[in-house]
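J.: So you can see what is in the structure, the chains are spelled out below.
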Amino acid sequence: MTDQTPLVRIEGLSKHFGETVALQDLTLDIAQGEFVTFLGPSGCGKSTTLRILGGFERPTKGRVILDGEDVTGQPPERRNVNMVFQDYALFPHMTVAQNIAFGLELKGMGKADIKRRSDEIMSFLELDAFGSRYPLQLSGGQRQRVALARALAPDPALLLLDEPLGALDAKLRGQVQQELKSIQRRTHKTFFFVTHDQEEALTMSDRIVVMNKGRVEQDGTPEELYFRPASRFVAEFIGETNLLSGHVRGTEGDKVVMDWEGTTLKGKAPARVPGEGQPITASVRLEKLGFHAERPQTANAVQGRVVSKTFLGSRMSMQIAVGDKGDALLKAYVDAETGQSVGNDPVWIGWEADNMAVLND
Amino acid sequence: MNNRPELFRGNRIFLACIYWAFVLYVFVPLILMVLMGFKDSKFIGFPIRSWTLDWYTGVFADAEVISTFGYSVAIAVLSTLISIFVGTWIAVLLEGRKFTGRGVTFGLTVLPALVPGIISAIAFRIYARYLGIEPGMGAIIWAHAVHNVPFVVLVVMARLSTLPKSQIEAARDLGADPLVAFMRITLPYLVPAILGASIFCLLLSFDDFVRSFFLGGYDPTLPVLIFAKLRSGMSPEINAIATVALVLTAAIGIWAERFTRRMNKEN
Ligand SMILES: Nc1ncnc2c1ncn2[C@@H]1O[C@H](COP(=O)(O)OP(=O)(O)OP(=O)(O)O)[C@@H](O)[C@H]1O
Ligand SMILES: [Mg+2]
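Note that the protein sequences, when read in sequence, are chains X and C. Just so you know, we're using our numbering here: the first sequence kicks off at 1 and counts up by one. Just so you know, we're using our numbering here: the second sequence kicks off at 1 and counts up by one.
Since the hints were derived computationally from the structure, they do not count as laboratory data. This list has only true hints and no planted wrong ones.
The calculated lysine to aspartate or glutamate pairs, modelled on DMTMM-like cross-linking and capped at a C-alpha distance of 20 Å, are:
| # | chain 1 | residue 1 | chain 2 | residue 2 |
| --- | --- | --- | --- | --- |
| 1 | X | K107 | C | E169 |
| 2 | X | K107 | C | D177 |
| 3 | C | K98 | X | E19 |
| 4 | X | K171 | X | E199 |
| 5 | C | K165 | X | D87 |
| 6 | C | K165 | X | E163 |
On the chain X side, residues computed to face chain C include the following (Cβ under 10 Å):
| # | residue |
| --- | --- |
| 7 | R51 |
| 8 | G55 |
| 9 | P75 |
| 10 | R78 |
| 11 | R79 |
| 12 | V81 |
| 13 | M83 |
| 14 | P92 |
| 15 | G108 |
| 16 | A151 |
| 17 | P154 |
Every value quoted in this text rests on a predicted model; they were computed, and no experiment measured them. Ideal Cβ positions, reconstructed from N, Cα and C, are used throughout, including at glycine.
Could you put together the complete structure from these sequences and hints?
T.: Here it is as structure tokens:
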């Protein structure tokens, strides 16, 4: 397959559950070998999309095309797609080896081939020692690996993962995130991963699709989403940010000039800029704000007073009161030394136009 | 509890007394029955002056008792197989996809368990004659099976409702069609419930008197035989038969209880 033809093509997918609209006109292409993450708040339709791809739900409208073939009406057992369930769904009455062999048997593989393939995948995921154990005799992380092994064994074109790390504690979670990412790299499989944890999405994905109320909000690389959020929703959902609400003054090349609390600011323009005088919001990340004693040379600069400091170890989180009446607050991260040296005197806060994204609501 | 021992001590002794009174009430008749089976005299009653095993050797040598015992076991096994098959099937239907008339189906399924034995026995008798079913083994099996289906349905449904939906979805996902998923995932999951229900059905059938009496032909089941023997007068022979039946059913019941508990734990 060439890079031009996507592995999965989702065309105008909608799903209604009675009155509830779970998905609305979703269109998406996924390329072979991509690690795509579906990210969004609870109830935004992530699982529904995954279940339609797996064949567990029929869409109300739209089509799913896998490897050039329309699979919309196909039952799960006919699709070359496997899923890692949130509760792992390991079969309790089968050993680890039997769980892994299940999909291979149903593919009609011979005994010797099944054994070879199971052994291969078990040693790949470091499960060799557990072959004859039952799922109940494993730890959470081990079960998670068995679920992954079972889904990978039949060599699916697409692997679906519905919040597979949700049941793990924070420490193990970080470890498994790295593991999962490295497994995906080594197998060159296409992973379609669902999570509502933005940090997890940022660390693992090649590409993130942010969902909101059954629609795609933004689709891009983690960096794009973080530094160039397309909407207020994305900016707020991913990472911490300062949202500055002001009014449009005009445009200057690819920049928007806006009024905010009596100051004129410049930021990167969104796809569609509202007319002059219209309300608009800009987003600037906490770590992009710099502290200066004198007015800095940056495109944007405001004067303010530090109202609170929180020590976070290597860095400090500061709250700065700015604006005419001093009632607008900016949040910033600075390194601990700079943080300590800042006193009660007024400070200048500066940032570049490229570090501030003006947003469509 | 630990910081208020005084308040509870009196209560505890009182409760213990009630408990042991209850145990006595239940077990004294059984113990008396067992004791009389060892009495070396034709008349039931105290005092027991000498002991014997003759009644037991007599029972085991009595061809009629032995064949009746076998007859009862055969009826129990066959009716249980039918109720398990039908009951599991209905339970899977009811727990599966919602369909119209589900509530009514459930109600009708459970009804036979609620009808008083004597009424259902008479109804079976009339219906059997109407259908042209001869009294005898077939008719008894039929009545026992119908009577036992509700218990199977309830037990299997309870178990089925705890099977996570993702188990079946995972099986389908890995290439199993609905039938294969049922055979390889659902059924193994149901085994403890099915075993438990089987034992229960076996004991219900083996113990049944009313239906067997009304629907029986010339051959009596064990309870019917005991009844017939009673009419010709109490004799320690009956106690011996009853004791053997008691020991067997209790053993099966206790074994099944431990076995299903262990299986439930493993799953
Ligand atoms: N079987 C169903 N019947 C009715 N409504 C459903 C069903 N499944 C999902 N929904 C609804 O569809 C919407 C999307 O659900 P979905 O499970 O896709 O959310 P999600 O993004 O996976 O959320 P979460 O992060 O909580 O898992 C929700 O409003 C949900 O209530
Ligand atoms: Mg979900």
